[in-house]
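Engineer: Just so you know, the sequences run in chain order H and L.
Numbering follows the numbering used here, with no gaps: position 79 of the first sequence is 79.
Numbering follows the numbering used here, with no gaps: position 132 of the second sequence is 132.
If you're looking for bench data, these hints aren't it; they were derived computationally from the structure.
Source: prediction; values computed, not measured.
For every residue, glycine included, the Cβ atom is placed at its ideal position computed from N, Cα and C.
There's no promise every hint is true.
Unchecked claim - Derived CB-CB ranges, DEER-like:
no. : chain 1 : residue 1 : chain 2 : residue 2 : range
1   : L       : 77        : H       : 8         : 24 to 34 Å
2   : H       : 390       : L       : 214       : 48 to 58 Å
3   : L       : 26        : H       : 382       : 52 to 62 Å
4   : H       : 382       : L       : 191       : 54 to 64 Å
5   : H       : 8         : L       : 9         : 35 to 45 Å
6   : L       : 70        : H       : 298       : 45 to 55 Å
7   : H       : 403       : L       : 4         : 28 to 38 Å
8   : L       : 16        : H       : 382       : 44 to 54 Å
9   : H       : 346       : L       : 45        : 48 to 58 Å
10  : H       : 306       : L       : 196       : 31 to 41 Å
What follows is the residue order along each chain.
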Amino acid sequence: MKNYLILILKRIIRDFKSRLVILLIALILLLGTIVSINEKTTEEMLSKETYSKYHNRLYQLVKKESYETKKKDIKGIPHIITILHEYNIASEYLSSEEFKTPNTDHTIQAYTADNLSLPKIKYGTNFPDKQGFYMVCPINMYPNSNLSSNNINFKITNKDRIDMQQYLNKTIQFQFENVNNMNIKKESIDIKIVGLYEVNKHSLEDNTCYINESAKKYIYDTLNNDLPSYIEKSNPEAAVIIIDDIKNLEEVESELSKIGYRLDPYTIIDPNFLIETKKINKTYSLILSIICVFLLFLILFKDTKNTLKYNKLLKYLGAKDNHLYLTNLIHNILIILLAFILSLILSFIYRGLLNIIIYFRPFLFSKNEIIFSITYLFKIFITIFISTIIISILNNVYIKYKLNKN
Amino acid sequence: MNNVVLKCQSLKKTYKKKNRKLVILKDINYEFKSGHVYAIVGKSGAGKTTLINILGLLKKQDSGKIFILNNDVSKINENKASEIRNKNIGFVFQSFYLDPLLTTEENIKLPMLLNNSLDKIKINERVKKLLKEVELEDRETHFPKELSGGEQQRVAIARALANNPDIILADEPTGSLDPENEENILNILKSLAKKGKCIIIVTHSKTVREYADIVLELKKGILEEVSRD
Chain H
1 MKNYLILILK RIIRDFKSRL VILLIALILL LGTIVSINEK TTEEMLSKET YSKYHNRLYQ
61 LVKKESYETK KKDIKGIPHI ITILHEYNIA SEYLSSEEFK TPNTDHTIQA YTADNLSLPK
121 IKYGTNFPDK QGFYMVCPIN MYPNSNLSSN NINFKITNKD RIDMQQYLNK TIQFQFENVN
181 NMNIKKESID IKIVGLYEVN KHSLEDNTCY INESAKKYIY DTLNNDLPSY IEKSNPEAAV
241 IIIDDIKNLE EVESELSKIG YRLDPYTIID PNFLIETKKI NKTYSLILSI ICVFLLFLIL
301 FKDTKNTLKY NKLLKYLGAK DNHLYLTNLI HNILIILLAF ILSLILSFIY RGLLNIIIYF
361 RPFLFSKNEI IFSITYLFKI FITIFISTII ISILNNVYIK YKLNKN
Chain L
1 MNNVVLKCQS LKKTYKKKNR KLVILKDINY EFKSGHVYAI VGKSGAGKTT LINILGLLKK
61 QDSGKIFILN NDVSKINENK ASEIRNKNIG FVFQSFYLDP LLTTEENIKL PMLLNNSLDK
121 IKINERVKKL LKEVELEDRE THFPKELSGG EQQRVAIARA LANNPDIILA DEPTGSLDPE
181 NEENILNILK SLAKKGKCII IVTHSKTVRE YADIVLELKK GILEEVSRD
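Next up, chain H with everything else stripped away, as it sits in the complex:
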């Protein structure tokens, strides 16, 4: 059987028509890849680089209620991991002499978080319950105030990274600037580093640390020391929520609307864009599948004359009927499989070329890489595969009729 299968495979490879069919189907599948690249790359970039970032999962809770009332109202709604007062959202630039490296300004960006909204801690702990100023940092921190994602030539050099494990459970003195009437005054705060988190390769958070609300309150009060208390200084109603994942936004919005709340995103990126590309993709998938099936139908039935001739020869040589039908089926399945493999190769080449052209990045793997969905390709392939089996069975019935007629 194995030798016979090899022979079928050889026949396919040597046959110009079969090669043409394989190439045609592979190109159609490649079209699927091209379409999926649009969605998948956008989805990956948005979810990993933008949406997954702390401050891009923030939404302002809009309703004329006090911050405290809002907190009580939304308790228990799934996917809302925390509720904060609006003033917490602005990041603070904190610098420290401890973090001096050759090419950086030894400054980090500090966001406010609570234990629910903190990234997953790899070393150390979350913020302790005990009163104090605490901080969570990246394991390999890059202490620079600017991490420009727009500059493609920007590269974080390893020699400027700091292994933060040496600072775990240590208290570091940070400086921040108090600009008052054009006078710049240096202020300082001692913060204990209690935990370290791993930065996602897409998230560009290598300079991002998280501080607890007490630390934020101290910095805020110091910067606005002419006012009595931080909560009264800001809008008493202003509240923001952090959700666990952008994918759950619709569900959260629907739950909140039931109790009269509306959400305003802090991010300028419209998640509807993603939904739209998905809709386009579904339409394309359907069209591609129909084209492939139609093409297969045409090719297999148009080639019946040759199949019939070959089947007749096999019959002369002593092939049983079942053997003939199995041969035809295997022949067609092998064509589809070869087309799929070829489309995968072409897809990887296409992606690699795009990576080079758009990002000047290494061929296959790089940050900001172009991504395509193998799952998407596989779904189209399954549709074509099932259609091939159905068409082959129909084709076999027709061939059987023709063979018996002769």
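Assemble chain L onto chain H, guided by the hints.
Structural biologist: Showing chain L alone in chain H's frame:
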């Protein structure tokens, strides 16, 4: 040698054409023996190809019996007929009927692969032996289009012999060949008969008649021995 390998008894075959009944084979009775070359002659439309197809178990007769190696194969099912065709009968055609996508070696292998009882080593040994027999050792990896007509027919003969059958059915095997190649092919067939095969050739060719041990004429649905001239 000289054993009856193929016997037909009262074979009948009719076709229906536009409500008209056309009797092709009226009453065929004959015993084909091993070690002989038979030439079946007759006018076009006399039913020679129909007869060879029935003898090759590719078509069913309306009535009558066929015995292959003393076994009644008249009422066997399609699968059994395929098995007998694969093991006991070899076919040679005027147009060679080689698979253009397979090499000489692969074309010869095909019936053995369908048989599925031989391992790879034995198949390769058999192919080598057959290629030597038809003097095509140096054409092993050639595709049919790279071979001459005579060479293609020799490949077809080697393929027909792949599973060492007792009977070779040849439909106008020299019809597309020049006299020199015709003679070559007939010599091969003749030598096969000497080795104990039963060769049945449907032909119009005078040369084939001369080469045959026995000439049979199919006339008005009846098969009769006639002289070679």
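Engineer: Are any of the numbered hints broken by this structure? If so, which, sorted upward?
Structural biologist: none
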